[in-house]
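Colleague: This is what each chain is made of:
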Amino acid sequence: MSQSMRTELSRVRGLGSAHHGIQHWWMQRLTAIALLPLTVWFIYSVLNITAESADSAIVLQQQAQAYIANPFNALMAVLLVICAFQHLQLGLQVVIEDYVHNATSKFSSLIALKFSCFIIATACLLSIVMIVVR
Amino acid sequence: MKFGSNGVDVRYILHFWEKNMSDKSVRPLSPHLQIYRWQWTASYSILHRLTGIALSFGAVLIALWLVTLGTSPDAFAYVHGFMNSWFGIFVLLGFCWSMFFHVLNGIRHLFWDMGMGFTLEHGQFSGHLVGISSLVLTALVIALAL
Numbered sequence: 001m002s003q004s005m006r007t008e009l010s011r012v013r014g015l016g017s018a019h020h021g022i023q024h025w026w027m028q029r030l031t032a033i034a035l036l037p038l039t040v041w042f043i044y045s046v047l048n049i050t051a052e053s054a055d056s057a058i059v060l061q062q063q064a065q066a067y068i069a070n071p072f073n074a075l076m077a078v079l080l081v082i083c084a085f086q087h088l089q090l091g092l093q094v095v096i097e098d099y100v101h102n103a104t105s106k107f108s109s110l111i112a113l114k115f116s117c118f119i120i121a122t123a124c125l126l127s128i129v130m131i132v133v134r
Numbered sequence: 135m136k137f138g139s140n141g142v143d144v145r146y147i148l149h150f151w152e153k154n155m156s157d158k159s160v161r162p163l164s165p166h167l168q169i170y171r172w173q174w175t176a177s178y179s180i181l182h183r184l185t186g187i188a189l190s191f192g193a194v195l196i197a198l199w200l201v202t203l204g205t206s207p208d209a210f211a212y213v214h215g216f217m218n219s220w221f222g223i224f225v226l227l228g229f230c231w232s233m234f235f236h237v238l239n240g241i242r243h244l245f246w247d248m249g250m251g252f253t254l255e256h257g258q259f260s261g262h263l264v265g266i267s268s269l270v271l272t273a274l275v276i277a278l279a280l
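So the protein sequences, as listed, match chains A and B. Here the first sequence is numbered in the numbering used here, starting from 1 and rising by one per residue. Here the second sequence is numbered in the numbering used here, starting from 135 and rising by one per residue.
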């Protein structure tokens, strides 16, 4: 005999009081784990690209393009953009939901957040593709 | 302004108990920031959120760098110029420390998700470890970048 006030159906569905289940939480953890090695690669890359002190922007641009054009680096850059913007978007969504209670402001900021993350991430991916096929 | 033994404004404590003891028809107040004593772990918690927000804005700057890298030399030179100005370097340093803090504190969160490190001593120790390590790693990156 269960002492719980929840119905059997509610427990089987497993969606909780927010009716969204654990999807948001799970995606945030998944992207967090993926971002651990990607961040190490990012820091290594920034130090690597800026190692040979390039005073002119043109020289640095050529060095950085050559670095990203390498297939492994291109793969890591693509994964970093996808994971970072997915993680960022989930995190900022919670911040908005915590502090913005007026329905109009809440939904307009959530829509603006999701749209801008999607647009910026896609622009980044397109740029990487353009550098690789150059 | 008078403060109680735990550094909290006495007027707020009185208001809190007055409301919760007398007014039975209204739902009670939850103790909020004003009634809690300051703790290291609370500071690390809010820093995680603040660095997360800072990193989001930083990501837009990195994205701008990446998009101009693949497209226009003029626009790239402009972003490069900003990143090499004193304000740009200040922003990048803040981004660097925020990244180390958020990543290390994120690892702390992942341990909590596995049910580890929940005692007061462990929580405080791992927080200090994250805070100090983030500063050390930022100093290391500055040393390597110079």
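Because the hints were derived from the structure by calculation, they are not lab data. Just so you know, not all the hints are guaranteed correct.
Said to hold, decoys possible - Label-pair restraints from in silico Cβ distances: (1) B:Met248 / A:Ser17: 48 to 58 Å; (2) B:Phe259 / A:Met130: 40 to 50 Å; (3) A:Arg11 / B:Leu244: 20 to 30 Å; (4) A:Ile82 / B:Glu255: 33 to 43 Å; (5) B:Ser164 / A:Ala103: 18 to 28 Å; (6) A:Thr122 / B:Ala211: 39 to 49 Å; (7) A:Met27 / B:Val194: 19 to 29 Å.
Said to hold, decoys possible - Stretches of chain B that chain A covers, calculated by requiring three or more beta carbons in the stretch to come under 8 Å of a beta carbon on chain A: (8) 177–183; (9) 187–198; (10) 219–225; (11) 235–245; (12) 249–262.
Cβ atoms here follow ideal geometry from the backbone N, Cα and C, with glycine treated the same way.
Colleague: Given the hint of 19 to 29 Å, is the C-beta distance from Met27 (chain A) to Val194 (chain B) inside that range or not?
Modeller: holds (21 Å)
Colleague: Is the distance from the Cβ of Arg11 (chain A) to the Cβ of Leu244 (chain B) consistent with 20 to 30 Å?
Modeller: Since Arg11 (chain A) and Leu244 (chain B) have Cβ atoms about 27 Å apart, the given range 20 to 30 Å holds.
Colleague: Take a look at whether the Cβ-Cβ distance between Ser164 (chain B) and Ala103 (chain A) falls inside 18 to 28 Å.
Modeller: holds (23 Å)
Colleague: Confirm or reject the coverage of the stretch 187–198 of chain B by chain A under the rule of 3 or more residues with a beta carbon closer than 8 Å to the chain's beta carbons.
Modeller: With 6 residues in contact (Cβ-Cβ under 8 Å with chain A), the coverage given for the stretch 187–198 of chain B holds.
Colleague: Establish whether the coverage given for the stretch 177–183 of chain B by chain A is satisfied; the threshold is a Cβ-Cβ distance below 8 Å, and no fewer than three residues must meet it.
Modeller: This one is violated; 1 residues, fewer than the three required, reach chain A with a Cβ under 8 Å.
Colleague: Range hint 33 to 43 Å: satisfied by the CB atoms of Ile82 (chain A) and Glu255 (chain B)?
Modeller: holds (38 Å)
Colleague: Given the hint of 39 to 49 Å, is the C-beta distance from Thr122 (chain A) to Ala211 (chain B) inside that range or not?
Modeller: Violated: the Cβ-Cβ distance is about 24 Å, outside 39 to 49 Å.
Colleague: So is the stretch 235–245 of chain B in contact with chain A by the C-beta rule, three or more residues under 8 Å, or is the coverage claim wrong?
Modeller: holds (count 5)
Colleague: Look at the Cβ atoms of Met248 (chain B) and Ser17 (chain A) and judge whether their distance stays inside 48 to 58 Å.
Modeller: Since the Cβ atoms of Met248 (chain B) and Ser17 (chain A) sit about 24 Å apart, the hinted range of 48 to 58 Å is violated.
Colleague: Closer than 8 Å Cβ to Cβ for three or more residues is the test here. Does the stretch 249–262 of chain B pass it with chain A?
Modeller: n = 0 at 8 Å, threshold three: violated.
Colleague: Taking a Cβ-Cβ distance under 8 Å as contact, does the stretch 219–225 of chain B have three or more residues in contact with chain A?
Modeller: violated (count 0)
Colleague: At the C-beta level, are Phe259 (chain B) and Met130 (chain A) separated by a distance inside 40 to 50 Å?
Modeller: holds (47 Å)
In this structure, the earlier hints numbered 1, 6, 8, 10, 12 are contradicted, and the remaining ones agree with it.
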